[in-house]
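Assemble chain B onto chain A, guided by the hints.
The listed protein sequences derive, respectively, from chains A and B.
Counting in the numbering used here, the final residue of the first sequence is number 142, and the numbers go up one at a time with none missing.
Counting in the numbering used here, the final residue of the second sequence is number 113, and the numbers go up one at a time with none missing.
Please keep in mind that the hints were generated in silico from the structure rather than gathered at the bench.
A portion of the hints provided could be inaccurate.
Covered stretches of chain B, as calculated for chain A (at least 3 residues, CB under 8 Å) [claimed, not checked]: (1) 38-51; (2) 90-102.
Simulated pairs of lysine-lysine, DSSO-like, Cα-Cα distance not exceeding 30 Å [unchecked claim]: (3) K45/B x K4/B; (4) K97/A x K4/B; (5) K45/B x K107/A; (6) K4/B x K107/A; (7) K107/A x K53/A; (8) K45/B x K53/A; (9) K97/A x K53/A; (10) K97/A x K45/B; (11) K107/A x K97/A; (12) K71/B x K4/B.
Keep in mind the model is a prediction, meaning the values are calculated, not measured.
No residue lacks a Cβ here, since even glycine has one placed at the ideal position from N, Cα and C.
One letter stands for each residue in the lines below.
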Amino acid sequence: DAGVIQSPRHEVTEMGQEVTLRCKPISGHNSLFWYRQTMMRGLELLIYFNNNVPIDDSGMPEDRFSAKMPNASFSTLKIQPSEPRDSAVYFCASSSSGGREAFFGQGTRLTVV
Amino acid sequence: KQEVTQIPAALSVPEGENLVLNCSFTDSAIYNLQWFRQDPGKGLTSLLLIQSSQREQTSGRLNASLDKSSGRSTLYIAASQPGDSATYLCAVTGANNLFFGTGTRLTVIP
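Bound conformation, chain A alone (with noise of 0.2 Å):
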């Protein structure tokens, strides 16, 4: 397997605009994480989902986040509008289920000016 794919890498954005970054977990894992990291606050759990349905969202900042799992493979996070604040490196993990191992992507390095 090729692990958790995220994409894009890289996205630079200007402050209002919508961002959406994508993660594909690695196959027949049924739980999947969003994390943000930075400097100041470390890793922070944004959303989980087990078996597509959103378990936790508590860590959603605010309404402009919001993130969906239509289906096994593929999850999104969106930001409309996006904020200087925002900027962070936004991480996507999966595990066969909730408290097993995690795998982590190479995470999207956003920046919002």
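Using the frame of chain A, we list chain B on its own:
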């Protein structure tokens, strides 16, 4: 809420030394504990996973221990090499989350 602390925040050692990284957590009700490595600008690479029922795991020069009752884990790296330079993160797993420490930035000096 689970809190994970890693000490030290940064560590520099000469090549060849053995070293220990520390991780502590506040809630012992965990599923497992995972150690990751992160290189600058890269993603997280899983190094070792210790199930909550286990005491230790070994992979090559790495050995991780877990003491759930005291809320502690250590990552032991034997015969360190410059290629071990990276940030090491521990994460404790609950049902719906991995709770991360802030990491230890390791530099191995040739």
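For each hint, the structure was consulted:
Counting residues of the stretch 38-51 of chain B whose C-beta sits closer than 8 Å to any C-beta of chain A gives 7, which meets the bar of three, so the coverage hint holds. Coverage of a stretch by a chain is defined here by at least three residues with a beta carbon nearer than 8 Å to that chain's beta carbons; for the stretch 90-102 of chain B and chain A the count is 8, and the condition holds. Note on K45/B and K4/B: the hinted pairing holds, with a Cα-Cα distance of about 28 Å set against a maximum of 30 Å. Straight-line distance between C-alpha atoms of K97/A and K4/B comes to about 26 Å, which keeps the hinted pair within the 30 Å bound.
Of the pairs offered as hints, the one joining K45/B and K107/A holds, with about 22 Å between alpha carbons and a cut-off of 30 Å not exceeded. For the hint linking K4/B to K107/A, the alpha-carbon distance of about 27 Å falls within 30 Å, and the restraint holds. Proposed proximity of K107/A and K53/A is supported: the alpha carbons are some 15 Å apart, at most 30 Å. Restraint check: the Cα-Cα separation between K45/B and K53/A comes to about 17 Å, which is no more than 30 Å; the hinted pair holds.
Using a Cα cut-off of 30 Å, the hinted pair K97/A and K53/A holds, with the two alpha carbons roughly 12 Å apart. Distance restraint check for K97/A and K45/B: the Cα-Cα separation of roughly 25 Å lies within the 30 Å cut-off, and the hinted pair is therefore satisfied. Only pairs whose Cα atoms come within 30 Å are accepted, and K107/A paired with K97/A is accepted, the gap being roughly 8 Å. Pair hint K71/B plus K4/B holds up; C-alpha atoms about 16 Å apart against a cutoff of 30 Å.
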